[in-house]
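*Asks:* Since chain F is already given, all that's left is putting chain Y with the ligands on it; use the hints.
Read off the chains here:
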Amino acid sequence: MRVNLTVNGRPAHAEGVWEGESLLYVLRERLGLFGTKNACEQGECGSCTVRLDGEPVCACLVAAGQAEGREVETVESLAGAAGLSAVQEAFAEAGAVQCGFCTPGLLMATDALLRREPRPAEAEIREALSGNLCRCTGYEQILSAVRLAAARRAEGAR
Amino acid sequence: MDFLRPATWEEALAAKAAHPEAVPIAGGTDLMVELNFGRRRPACLLDLGRIGELARWHREKGAVRLGAAVPYREIAAALGGPLPALAHAARAVGSPQIRNRGTVGGNLGTASPAGDAHPALLAAGAAVEAASVRGTRLIPVEEFFTGPRRNALAADELIRAVRIDPAGGPQEFAKVGTRNAMVVAVCSFALALDEAGRSVRTGIGSAAPTPRRAREAEEFLAGVLAEGGHWEDRRPPPPSAARRFAELAAAACAPIDDVRGSAAYRRHAVAVLARRTLDRTWTAYRGGERCA
Ligand SMILES: Cc1cc2nc3c(=O)[nH]c(=O)nc-3n(C[C@H](O)[C@H](O)[C@H](O)COP(=O)(O)OP(=O)(O)OC[C@H]3O[C@@H](n4cnc5c(N)ncnc54)[C@H](O)[C@@H]3O)c2cc1C
Ligand code: FES
Ligand code: FES
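For the protein sequence lines, the chains are F and Y, in the order given. Taking our numbering, the leading residue of the first sequence gets 1, the next gets one more, and so forth. Taking our numbering, the leading residue of the second sequence gets 159, the next gets one more, and so forth.
Just chain F, with the same shape it has in the complex (with noise of 0.2 Å):
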């Protein structure tokens, strides 16, 4: 079949779906989007979450059809013109990447926090991320990273 949807703000549309496949394997394999992971296609990582119509979901667990007409975010989106997004440069930052696996996921996670919660508190943090894994980090650079990235938000940084 063939899903028409927006990705990242502009039109998109894949031929030749398998009408079990899931949003992952469109975007990843049939628009060559590569920043969102598949690591579980069980929801249990979140390395492959991306916006759905603005909340944040597990991409494998969204059927290809389902995403028809609807607008989907992916890490993609975050960097802009004017280069990483504070999110972005906030775990750069605080060392929150090492094999960066995980990243994009604890990424996307995160803006949704932010853009819903400027200043989060930090049992939100904990409860916001706590469908990502990250197998190196340990988490406290992530949760580091988090916290600086509000703080910068809050300045108005950019």
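Honestly, I wouldn't trust all of these hints.
Label pairs and their computed distance ranges (CB to CB) [to be verified]:
#1 R401(Y) with G54(F): 47 to 53 Å
#2 R115(F) with R292(Y): 21 to 27 Å
#3 A312(Y) with M1(F): 24 to 30 Å
#4 E168(Y) with R115(F): 32 to 38 Å
#5 F34(F) with A412(Y): 46 to 52 Å
#6 R197(Y) with F34(F): 53 to 59 Å
#7 G238(Y) with G54(F): 56 to 62 Å
#8 L84(F) with G238(Y): 36 to 42 Å
#9 R147(F) with T294(Y): 33 to 39 Å
#10 M1(F) with R402(Y): 27 to 33 Å
#11 D416(Y) with E76(F): 37 to 43 Å
Computed footprint of chain F on chain Y, listed as stretches where at least three residues anywhere in the stretch have a Cβ under 8 Å from a Cβ of chain F [as the list claims (entries may be wrong)]:
#12 203-214
#13 248-254
Derived by calculation from the structure, the hints in this document are not laboratory data. Note that the Cβ used here is the ideal one computed from N, Cα and C, for glycine as well.
*Replies:* Below, chain Y with the ligands without anything else, positioned relative to chain F:
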């Protein structure tokens, strides 16, 4: 494989009648895992995601009519007042990503003994609105679960909504798992006090082939509360009665040993959760601070 995309509820019912083998997909948080791993290859998927009314809830003759496809995020955010146990269960599901997609209709469709909505729906006395082109029937939730991962839906039926009376008193939901997020319950328990009806209802999750009520425990506690005049003077039931309530809740279980926990642990933990939820609901009933 076919992918059907009804735009209205009537179209969905007609599609399900014409293709009884079609598998509905709502949030996809159960079904997509099965597709991704090749555990299921349905001939036809029926996407319920375009039917706006299915993702909404409203009050109808006092009760909440919760559309089958309302995501947990919305239940947790908006329904804590009328449906405290269900809202609490919704908050305990998976992760933000899962709660943004997962639905009570899907939880009921899967009918896992461990589904978090189930104990809350049992304790609240919910009814499942099952519909087909033949008409609509209301199935009391305790009759909905017919076996492990089996439910009472006919091949041409879809879940339209769940009808739940607003809480008539404090309600609690509690779940045991290895961490605070992303866990399938080792066991779970919900308790609802109904002040006007002078009654008590419970729901047990993940400790029997299906979610179920602990009826003897309910009757015992209701008897103690009535005889002791506790509803009127709001004194807590005596510790011996709380213990007996917990024992009867554990006795209602028929658990198995599995990777998440042993049968003995589940029985023990259900007793602990029964006492804890009784303690919390009664503290709330007395108007005191909640311990949670
Ligand atoms: C990482 C992860 C964590 C999870 N954590 C939890 C948890 O903590 N607690 C918990 O209870 N569950 C959990 N789940 C399981 C799942 O999220 C829930 O069961 C959820 O309620 C399923 O809803 P859905 O809309 O996504 O269902 P779907 O996957 O869309 O459907 C599930 C089943 O229900 C059927 N169905 C859906 N809607 C209808 C309808 N309206 N009428 C008839 N049949 C219907 C489908 O055909 C399918 O068989 C988790 C899942 C994942 C992937
Ligand atoms: S790949 Fe989707 S959650 Fe792991
Ligand atoms: S940096 Fe390697 S998984 Fe997180």
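*Asks:* Each hint: holds or not?
*Replies:* Tested hints:
1. Between R401(Y) and G54(F) the beta carbon distance is about 49 Å. The supplied range of 47 to 53 Å therefore holds.
2. Between R115(F) and R292(Y), the C-beta spacing of about 46 Å breaks the proposed range 21 to 27 Å.
3. Separated by about 29 Å at the C-beta atoms, A312(Y) and M1(F) satisfy the suggested range of 24 to 30 Å.
4. For E168(Y) and R115(F), the Cβ-Cβ distance of about 37 Å falls inside the hinted range of 32 to 38 Å, so the restraint holds.
5. The given range of 46 to 52 Å is respected by F34(F) and A412(Y), whose C-beta atoms sit roughly 48 Å from each other.
6. Between R197(Y) and F34(F) the Cβ separation comes to about 27 Å, which falls outside the hinted range of 53 to 59 Å.
7. For the hinted restraint 56 to 62 Å between G238(Y) and G54(F), the CB-CB distance of approximately 22 Å leaves it violated.
8. About 38 Å separates the C-beta atoms of L84(F) and G238(Y), a value consistent with the hinted range of 36 to 42 Å.
9. Between R147(F) and T294(Y) the beta carbon distance is about 51 Å. The supplied range of 33 to 39 Å is therefore violated.
10. Checking the proposed 27 to 33 Å range against M1(F) and R402(Y) shows it is violated: the Cβ atoms sit about 59 Å from each other.
11. A hinted range of 37 to 43 Å for the beta carbons of D416(Y) and E76(F) is consistent with their spacing of about 41 Å.
12. By the rule of at least three residues with a Cβ nearer than 8 Å to a Cβ of chain F, the coverage given for the region 203-214 of chain Y holds, with 3 such residues.
13. With a cut-off of 8 Å between beta carbons, the region 248-254 of chain Y has 3 residues touching chain F; three or more are needed, and the interface restraint holds.
This entry does not satisfy hints 2, 6, 7, 9 and 10, going by the numbered hints stated previously.
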